[in-house]
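Novice: Protein chains in written order, with this note's numbering: chain Y, 1 to 148; chain E, 149 to 455; chain X, 456 to 676.
Treat the hints with care, as some may be off.
Claimed, not checked - Listed below are the simulated DSS-like cross-link pairs for lysine-lysine, each with C-alpha atoms no more than 30 Å apart in a straight line:
| # | chain 1 | residue 1 | chain 2 | residue 2 |
| --- | --- | --- | --- | --- |
| 1 | X | Lys642 | E | Lys345 |
| 2 | X | Lys495 | X | Lys561 |
| 3 | X | Lys495 | Y | Lys83 |
| 4 | X | Lys510 | Y | Lys3 |
| 5 | X | Lys657 | E | Lys291 |
| 6 | Y | Lys45 | Y | Lys57 |
| 7 | X | Lys513 | Y | Lys57 |
| 8 | X | Lys572 | Y | Lys80 |
| 9 | E | Lys345 | X | Lys621 |
| 10 | X | Lys621 | E | Lys372 |
| 11 | X | Lys649 | E | Lys285 |
| 12 | Y | Lys53 | Y | Lys90 |
| 13 | X | Lys623 | Y | Lys83 |
| 14 | Y | Lys75 | Y | Lys36 |
| 15 | Y | Lys36 | Y | Lys57 |
| 16 | X | Lys623 | E | Lys345 |
Claimed, not checked - Partner residues aside, some chain E positions facing chain X, computed with beta carbon under 10 Å:
| # | residue |
| --- | --- |
| 17 | Gly270 |
| 18 | Gln293 |
| 19 | Ala309 |
| 20 | Ala310 |
| 21 | Gln338 |
| 22 | Tyr450 |
Bear in mind the hints are in silico, worked out from the structure with no lab data behind them. Nothing here was measured: the structure is a model prediction, and the numbers come from that model. Built from N, CA and C at the ideal position, the CB exists for glycine as well.
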Amino acid sequence: MEKFEPVIVAFCCHYCAYTAADMAGSMRLSYPTNVKIVRVPCSGKVDSIHMLKALEKGADGVLVAGCLEGDCHFKNGNTKAVKRVTFVRKLLEEIGIEPERLSMVTMSAGMGMRFAQIANEFTAQIRKLGPNPVCAGIEARTKSSKVA
Amino acid sequence: MNTQSILEKVMRAGHIGVTGECGPPRGALPDKVKEKAELLRGHVDAVNITDNQTAMVRMSSFAASMILRQMDMHPVLQMVCRDRNRLAMQADIIGAYAHGINTMLCLSGDHMRFGDHPMASGVFDLDSVQLIQTVRKMRDEGKFQGGADIQNAPRMFIGAAANPFADPFELRVARLAKKVRAGADFIQTQCIFNIDKFEQWMKGVRDRGLHKEVFIMGGVTPMKSVGAARYMKNKVPGMDVPTELVDRMAKTPKEKQPQEGIDICVETIQRLLSIEGVSGIHIMAIEWESAVPEIVERSGLYPRPNV
Amino acid sequence: MITAERKPIAEIIDSIDSCRRILLVGCNECVTVCAAGGRKEVATLASALQMDFMKRGKTIEIREMTLERQCDPEYVEQLAPFIDQVDAVISMACGCGVQEVVRRFKAKRVYPAVNTKFMGASERPGVWAERCHGCGNCLLGLTGGICPIARCSKRLMNGPCGGSSKGKCEISSEVDCVWQLIWDRLKELGIQDKYEDIILAKDWSTERGGGPRRIVREDLA
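Next comes chain Y alone, as it looks inside the complex:
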């Protein structure tokens, strides 16, 4: 059986998180290729449905990355993001999907190291959790129908 490599979708706000990710790149800090970055104008632009669709379409983990508290370029977009992440985590729990697959993180534009660290840690966490149960379910069904 091949080793499980998680797919992580990271919604990164343009002003801080994305810039930090960029910095990590230019600092030649390695972070896992598992992390696919989606640039958004603000973490507050990420709606609950975006987080859910990412998981529905097979992502094993989702990060919402925004500015540090008090530093949001749009005043309080990051605060809204935190509330939405909390809300969706509760919803995930209700349908039996590990809420830890979704996480909110904050950083400043200059924190290239922090971005890399978070990317590494989160990927390791998700690798431990295993594949998104959504995909596993479809796979099992496909396999069983093949056998039959």
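Fit chains E and X to the given chain Y structure using the hints.
Specialist: Below, chains E and X without anything else, positioned relative to chain Y:
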């Protein structure tokens, strides 16, 4: 005289009226009612029978009141608006009167949340003021609330509750005025520990002459322990227990606390009796009815007048 | 508006577990305002249901639609082209909407996805509170415009009761004592002597207890 109520007779004759209280049991136990009432016999004019107090189901006030009548004692039928609609209330009132119950207290009732059936729907067809009006109409006009004639209308001596210690304080006199205007004959207050505040309320009452339109009975409760004092201070909405009293109980050694509580109660009564406009005392010694004879005697209210 | 809250997912899944295709219908009015059953909530619920089914190795086809209102037959009609393609309908509208869908599509199973709560207003974004009970005979003119039927825990018309404490109701410190609010309002308007006017026993026959109600406008019907 509006009624045959012993309480009315006592207070109209100019004596201080005295009532006690008895909470019915949580089961079909008539002997429990008799035991408690017997402890009060001769030391009070009438005994309040509570009605599903704190929204916990108990033997109905009506049933327990009947037991008191059978013992040749005088009950005050308490009726809350929470559990009955106006049909049931009026039916119970004429039913109670048919059993010789002629004194009643009209109350809103504690919310169902507090009791053992928080899932019950609260009726609140009438509120306490509207209930007072209803009973008054039954008595004085001989008509049901809906307008039809009553055959042998119940002549009830109508009571209502007042709480000088609830918020907002500034409208507590106006609230009393409302109940008086609705037709209340007598008032029993929530238990008084903060006598200064009570005096403040009584001043407002006297300024409007309400003490002349209605008999005001001050409520008192003996505290059994410092724990009871603290509970009443912190956990019961609408109760005002001054810190000095809690401290006084706390300083007393545990075995002497019940006696201290009785002493405080007697002192309170003596102070209340000196306030102009106070026509009676309502002693709520819940689950401690045995303390009542001593309280009544030491307050100089024994023997009860023969009217 | 009429407020509602989404039912626990487990309950919704229970009702459609045997279905392979469903129509998930939201409403653009009240339930949108209180974020319980509008377009966004339909999308969210659809995604969650899909993930639950997939997790169990099953799939479900979900058509998402949001009508302008579900309580008017003209809008409900818009579901007609799609109704035969599904096993059941889940409606995120209030109880009124669910029943209108049932009335039109008699042969189709329809399930509610929200618990309809109360008639209320927005206190602030994300917070809605009960304001009107629909008693059928409005007495707001007597109480300074604040309703004791809807907002007093004991619907006292001549309150407050003895449990009012620091402006809060005896049942919870999070519930305002409406009679405190009414008193403050009467003072603000300089008409506090109105407080002593007794509000007489209410005729509840105009309320739901008098029987299910109906309004007919002869000039329109």
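Novice: Confirm or reject each hint.
Specialist: Hint by hint, here is what the structure shows:
{"no.": "1", "hint": "Lys642/X <-> Lys345/E", "verdict": "holds (23 Å)"}
{"no.": "2", "hint": "Lys495/X <-> Lys561/X", "verdict": "holds (28 Å)"}
{"no.": "3", "hint": "Lys495/X <-> Lys83/Y", "verdict": "holds (16 Å)"}
{"no.": "4", "hint": "Lys510/X <-> Lys3/Y", "verdict": "holds (21 Å)"}
{"no.": "5", "hint": "Lys657/X <-> Lys291/E", "verdict": "holds (17 Å)"}
{"no.": "6", "hint": "Lys45/Y <-> Lys57/Y", "verdict": "holds (20 Å)"}
{"no.": "7", "hint": "Lys513/X <-> Lys57/Y", "verdict": "holds (15 Å)"}
{"no.": "8", "hint": "Lys572/X <-> Lys80/Y", "verdict": "holds (26 Å)"}
{"no.": "9", "hint": "Lys345/E <-> Lys621/X", "verdict": "holds (16 Å)"}
{"no.": "10", "hint": "Lys621/X <-> Lys372/E", "verdict": "holds (28 Å)"}
{"no.": "11", "hint": "Lys649/X <-> Lys285/E", "verdict": "holds (23 Å)"}
{"no.": "12", "hint": "Lys53/Y <-> Lys90/Y", "verdict": "holds (16 Å)"}
{"no.": "13", "hint": "Lys623/X <-> Lys83/Y", "verdict": "holds (29 Å)"}
{"no.": "14", "hint": "Lys75/Y <-> Lys36/Y", "verdict": "holds (26 Å)"}
{"no.": "15", "hint": "Lys36/Y <-> Lys57/Y", "verdict": "holds (14 Å)"}
{"no.": "16", "hint": "Lys623/X <-> Lys345/E", "verdict": "holds (21 Å)"}
{"no.": "17", "hint": "Gly270", "verdict": "holds (6 Å)"}
{"no.": "18", "hint": "Gln293", "verdict": "holds (6 Å)"}
{"no.": "19", "hint": "Ala309", "verdict": "holds (7 Å)"}
{"no.": "20", "hint": "Ala310", "verdict": "holds (8 Å)"}
{"no.": "21", "hint": "Gln338", "verdict": "holds (6 Å)"}
{"no.": "22", "hint": "Tyr450", "verdict": "violated (30 Å)"}
Hint 22 alone, counting from the list given before, is not met by this structure.
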